[in-house]
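Here the protein sequences come in this chain order: Y and A. So that you can map any letter, position 8 of the first sequence is 8 in my numbering, and since no number is skipped, the others follow by simple counting. So that you can map any letter, position 151 of the second sequence is 234 in my numbering, and since no number is skipped, the others follow by simple counting.
Hints listed in this document are in silico derivations from the structure and should not be mistaken for laboratory results. One or more of the hints may lead you astray.
[To be verified] Listed next, the stretches of chain A that the computed footprint assigns to chain Y, with coverage defined by at least 3 CB atoms under 8 Å from CB atoms of chain Y:
hint, stretch
1, 136-145
2, 201-207
3, 210-222
A quick note: this is a predicted structure, and the numbers were derived from the prediction, not measured. Yeah, the Cβ is synthetic: ideal placement off N, Cα and C, and Gly gets one too.
Listed below are the residues making up each chain.
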Amino acid sequence: MKILYFSSVREAIGLAEEEVEVPGHVRTAGDLARWLSGRSEGHARAFADLAHVRAAFDMALCEMDTPLGTAREAAFFPPMTGG
Amino acid sequence: MIRVGPEDFDPGRELAALEADGGEAGALVSFLGTVRVRSEGAPILSLTIEHYPGMTERALAAMEREATRRFGLTGSLILHRVGRLKPGARIVLVGVRAPHRAAAFEACAFLTDFLKSRAPFWKKEETPGGARWVGAKASDEAALARWERGA
Chain Y
1 MKILYFSSVR EAIGLAEEEV EVPGHVRTAG DLARWLSGRS EGHARAFADL AHVRAAFDMA
61 LCEMDTPLGT AREAAFFPPM TGG
Chain A
84 MIRVGPEDFD PGRELAALEA DGGEAGALVS FLGTVRVRSE GAPILSLTIE HYPGMTERAL
144 AAMEREATRR FGLTGSLILH RVGRLKPGAR IVLVGVRAPH RAAAFEACAF LTDFLKSRAP
204 FWKKEETPGG ARWVGAKASD EAALARWERG A
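With the rest of the complex left out, here is chain Y (with noise of 0.2 Å):
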C-alpha cells in the first residue's frame, strides 16, 4: 500500500511518501497510524497524538474508525489550512 504524508507530519517522518506491506489485523486507519507509528522515531513523534491527525483513503477524507477496505493509497497529515 501506498502511505503518503504531508505537512508537519511529512517533516516529522522524513519521507514524502513509502511503500508498506500491512499486515492483516490492520483495519482501520487509526490501526494503520499506530501500526506506523512503530517504523521509526520519527513515525512514533507523527503518530503520538491522533487528535491531531487526520487521514485519507484514495483520496477522500476519513475517521480513524474508517475501515481500510480496498483502499490503495493512504494518506496522513495536521488538520487542513486552505484559503
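On the provided structure of chain Y, position chain A as indicated by the hints.
Only chain A this time, still in chain Y's reference frame:
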C-alpha cells in the same frame, strides 16, 4: 472551474470571464485572499503552501458541486495557489454567479469556509524567528457547523 498551481492570476480578468459566463444571473460575489504582512506581531517573510495533488482538485470540485446544488449557482470559480508566496501575494480567488445576491453571498461564504479546513492545503509561515506550520483554529470548525446544520 477549479485551478490549483503556483501561477499568479489576474482577478479582474478572471471575474470578467465569470461575469460573461453567468447566464441569467443577477449577482456575482467574489473573495480574494492574500498573504498577510504580519503574524502575531512579527513580519511575515514568506508563506509556503503545500497541498495533496489530486485530492485537492477532487475536494474543490466536490465543494463547487455542492455549492452549485445548494445555492443554484449559474457559474463559479476557485483558484488557489501553492508554493512559496511573498507578503501581499494573492493566494485564493473564489467567485460565484447566482440569480440573486443573497444566494451569491451565502455561496461565497460556504466555499471559503470549506476551503479553510476541508481542502488538503497546509500553510507554513516564515518570520525572522523561524518557520512554523499555521495551526487550524477552532473558529474554522465552528464556521463549518453552521453549514452542516443547514444541510
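A quick look at each hint next to the structure:
1. 136-145: holds (count 4)
2. 201-207: Answer holds; 7 residues pass the 8 Å Cβ test.
3. 210-222: holds (count 4)
The structure agrees with every numbered hint stated previously.
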